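Student: Letter by letter, the chains look like this.
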Amino acid sequence: MALLIREIAQLVDGELSGDGEQLITSAAALSEAGPGQLAFIGELRNADSSAYTSAGCLIVPKSTRSKFEGATIAVDNPKFAFAKAASALHPRKDLPAGIHPTAEIADSAEISEGVFVGAFCFVGENSVVGSGTHLQAGARVGSGVRIGKDCTIHPGVTIEDGAVIGSRVVLKAGAVIGSKGFGFVRDGELLIKFPQIGTVVIEDDVEIGANSCVDRGALGETRIGAGTKIDNLVQIAHNVQIGKRVVIAALSGVSGSVVIGDDCVVGGQVGFADHTTIESGAVIGAKSAVFPGKQVRKGVWAGIPVIPLPEYKRLNAHIRSLPKLRKEVQNLGELVNRLESLFRGRK
Amino acid sequence: MALLIREIAQLVDGELSGDGEQLITSAAALSEAGPGQLAFIGELRNADSSAYTSAGCLIVPKSTRSKFEGATIAVDNPKFAFAKAASALHPRKDLPAGIHPTAEIADSAEISEGVFVGAFCFVGENSVVGSGTHLQAGARVGSGVRIGKDCTIHPGVTIEDGAVIGSRVVLKAGAVIGSKGFGFVRDGELLIKFPQIGTVVIEDDVEIGANSCVDRGALGETRIGAGTKIDNLVQIAHNVQIGKRVVIAALSGVSGSVVIGDDCVVGGQVGFADHTTIESGAVIGAKSAVFPGKQVRKGVWAGIPVIPLPEYKRLNAHIRSLPKLRKEVQNLGELVNRLESLFRGRK
Amino acid sequence: MALLIREIAQLVDGELSGDGEQLITSAAALSEAGPGQLAFIGELRNADSSAYTSAGCLIVPKSTRSKFEGATIAVDNPKFAFAKAASALHPRKDLPAGIHPTAEIADSAEISEGVFVGAFCFVGENSVVGSGTHLQAGARVGSGVRIGKDCTIHPGVTIEDGAVIGSRVVLKAGAVIGSKGFGFVRDGELLIKFPQIGTVVIEDDVEIGANSCVDRGALGETRIGAGTKIDNLVQIAHNVQIGKRVVIAALSGVSGSVVIGDDCVVGGQVGFADHTTIESGAVIGAKSAVFPGKQVRKGVWAGIPVIPLPEYKRLNAHIRSLPKLRKEVQNLGELVNRLESLFRGRK
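Protein chains in written order, with the working numbering: chain F, 1 to 347; chain C, 1 to 347; chain R, 1 to 347.
What the hints contain is simulated information worked out from the structure, not anything from laboratory work.
Just so you know, these numbers come straight off a predicted model, no measurement behind them.
Take these hints with a grain of salt, some might be off.
Note that the list lumps identical chains together, so a pair holds whenever it fits in one copy or between two copies.
[Unchecked claim] Cross-link-like lysine-lysine pairs, in silico, DSSO-like; alpha carbons within 27 Å at most: (1) K62 to K79; (2) K298 to K244; (3) K193 to K244; (4) K313 to K324; (5) K149 to K193; (6) K313 to K298; (7) K67 to K79; (8) K294 to K313; (9) K79 to K193; (10) K327 to K79; (11) K193 to K298; (12) K67 to K244; (13) K193 to K93; (14) K327 to K313.
Required output: the full structure, derived from the provided sequences and hints.
Tutor: Listed below in structure tokens is the structure:
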């Protein structure tokens, strides 16, 4: 969607310098932007590079003396302002309302106004799809599912029976919501499946990555809080409770009944043992592990198992200097032996 | 499926107290169960909480003096008994036999009695689907595939050509069975694919998680033993041999030609280097790694690379106390230096 | 495709001994090969086992004195020669050109000669599919996608809008190419999505594993270089640049804007922090992590964070002997105390 530069300045609440009447049609990286495109400088130290861009407009940090000769919009947080402007310039793909003739919709399903249903989509009995939601090619929605408004369900997503999806939720290609969890009870040699008959609730404005999986509750529910963003190939097990605005990077695994508080940030390839608790605002570094029985407080954590980041760095330094420590102990041993010999020689 | 309380008591071989003639229609968590629902107390120490449940019937450990006033069924292993009863109360979703008009079945494929084939399913040439098996929406079965009885193939599963699937197998949404393995031979700059022309056998009662992958053998076969349960997002490479009743948690990766014996338990995010061997009954802790050339014996293992769990815990304690050790060595050094000065002063 | 033994000898540039006029129809493992099948001995020390195979022809290392009585082909690199011959014996599955009647192809899409489009495939507006490419059942191609010649797109693959795919590319089942990346800007409590409007380029001869994900660029592009091979369940984030002939094993995650040079080899479950750089020819051991800010030079690396392999092994040995070091320090402390007492006793 094209916007005038002054409209963008207004949108991001920034200070406009230069001609605000030019039209901007898209956003681009600083080095690639051309006329009619919006770019940004994230930090003051990058201001010099702005001389070389052909962008139609630059968002810059306040108090930048940019060498750029075109229009600029000065703000406190240029990356945030750029993201906001780019969202307006590049709204969600516009898909025409309507149900593709190849889609299979159960008679009892309720498809609201303005819904796009792509080729080979399947919607089961008694499911409800809210207005403005897109179901892209090959998306599969089970029975008794409730999907809110303006969701974007990418190709090949599977939503199993009874799942509840809020509004403005984005499920990327191949994501699986509401699969039965992984719980077994052993009695001697026999493994019997613990019932996986609960449900799953994905609240508003959640984003779930490509080929990520969110299992339903065993009993009770699995819940992903409003505004939470989950990357690709992440596993969320049965009965997990994730708070609001949590960010979880790719290939992390959250075991059964874990509780993650609001505003936590989780790096890639992190593992959480079942029944652990992460307090609101905790940051868990990539590749780390929360071991069984752990309750992680607010703060920054790293390691296998996680410890506070400063301690992790200190320990790592100690480990790196182990060869030196070993040598010191050896030298000390030799010195002590010499001392002892001298001493005994004196007797 | 509704059951009388006395029928449940009989099913789990438990001691009934109270009115056995009431009807139970479903299973639920202790805190959420209402009249007509079955719940359980796993451990004696939780017996007090039972006073507050509204469940229609409780499964309890033997010798519990529960404050619960309704019917109870006392057993040795309540969780196991509950799982067994819940399986009876919540059988596999009942889907009507028949082939959805949108499904594409090759003329030479053989679909047995009582099979459910959902919308947009595809079954290739010469494949066989056993009686009572469900192929849910969008499942894709290649050519020459054999699927046994009463399997549940969830939406969007892909079974590649020639795979052999036993009976009562559950493949969750997005699982890929029989993809070509990842093997290349390098000659100078050239990477050439090693042939991936073997097959894959999934034995009876196996469960494979959502978006998990099991590659076919390069030459020969990949095999998953009867009763083995694999969680979501797990990678099983070419020519892996997994025994019976093995449990593998999410995001673990098993490299080519690994052998895992019966009854092993593997945590989440574990990695196995190719050609390693895990003896029957071994337990591999989450996040650990089996390095090349390793043969893992029965017992509990942890770490990168894996070592026996007690040793792992000891080493971790040593690592955690490295700052203390460093300080001790430093103090000792100072003491020795003082001693030496004193000694030399005496000479 | 059947070949005469002498044709195979010629193909792999090997020295034929025995009857070259027999027909070979397929490749197999040494222990399983029968008449009419080709097998190989990788190393001289395995030459004895060749006496027991029933293979129709063996590829052997030069200077082997095999006890095998059939035809042999001697080469410098038997595994490579075997792979080359097997590729000829087992060419890509032959699928008849044509578009399945259930497939949905946009009017403006361009499907070249000799393309196979399977059941329930979807191809969006203005997309181009090159000659000889196979789209297997349920593959989904968005709008404005360009796919080269002779690609194999397995079932259930999703290619999002605007992606560019080279020739002879293999995308295995469930792979997702061009999903929007995972980038958010935080302003106080608000998380706003950074634009994910770039593109993705998969060069010639790339292979991408089952259920792996390659995100499009945020701005600019994500690029996978020619001949690179990526295993199952791998995550490639936005704006990653991967060179040519790189090999990446399963469950590895490459964060945003990482640059990996040509001919790198990456083990399984490796993690790369965003904006890190890996120089051409580097080898990163399984399960390791490249931490933020790191530039990895050519060589072999391991650990969390990665260090050169010899150093990693040395450090691991030091860690393993920590209990011994602790004991030594303790003994030394006691000895010093005794010395001190003796010394003070003398005063």
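Student: Hints first: check each against the structure and report whether it holds.
Tutor: Evaluation of the provided hints:
1. When the C-alpha separation of K62 and K79 is checked against a cutoff of 27 Å, the pair qualifies only within one copy, where the shortest distance is 12 Å, while the shortest distance between copies is 62 Å.
2. For a Cα distance limit of 27 Å, the shortest separation of K298 from K244 inside one copy, 15 Å, qualifies, whereas the shortest one across copies, 42 Å, does not.
3. Only between protomers do K193 and K244 lie at most 27 Å apart by alpha-carbon distance; the minimum there is 15 Å, versus 31 Å within a single protomer.
4. In this assembly of identical chains, K313 and K324 lie within 27 Å of each other by CA distance both inside one copy and across copies; the values are 18 Å within and 15 Å between.
5. In this assembly of identical chains, the alpha carbons of K149 and K193 lie at most 27 Å apart only when taken from different copies (19 Å versus 35 Å within one copy).
6. With identical chains, the CA atoms of K313 and K298 are at most 27 Å apart both within one copy (18 Å) and between copies (26 Å).
7. Taking the closest pair of Cα atoms, K67 and K79 come within 27 Å of each other only inside a single copy of the chain (19 Å); across copies the shortest separation is 60 Å, beyond that limit.
8. In this assembly of identical chains, K294 and K313 lie within 27 Å of each other by CA distance both inside one copy and across copies; the values are 20 Å within and 15 Å between.
9. In this homomeric assembly, K79 and K193 come within 27 Å of each other (Cα to Cα) only across copies, at 11 Å, whereas the closest approach inside a single copy is 48 Å.
10. Neither within a single protomer nor between protomers do K327 and K79 lie at most 27 Å apart by alpha-carbon distance, with minima of 50 Å and 46 Å respectively.
11. Proximity of K193 and K298 under a CA criterion of 27 Å is satisfied inter-copy only: 24 Å between copies versus 36 Å inside one chain copy.
12. Taking CA atoms no more than 27 Å apart as the test, K67 paired with K244 passes in neither setting, with 41 Å inside one copy and 38 Å between copies.
13. For the homomeric pair K193 and K93, the shortest alpha-carbon distance between copies (15 Å) is at most 27 Å, but the shortest distance inside one copy (42 Å) is not.
14. Proximity of K327 and K313 under a CA criterion of 27 Å is satisfied in both settings, with 22 Å inside one chain copy and 17 Å between copies.
Hints 10, 12 from the earlier list are contradicted by this structure; the remaining hints agree with it.
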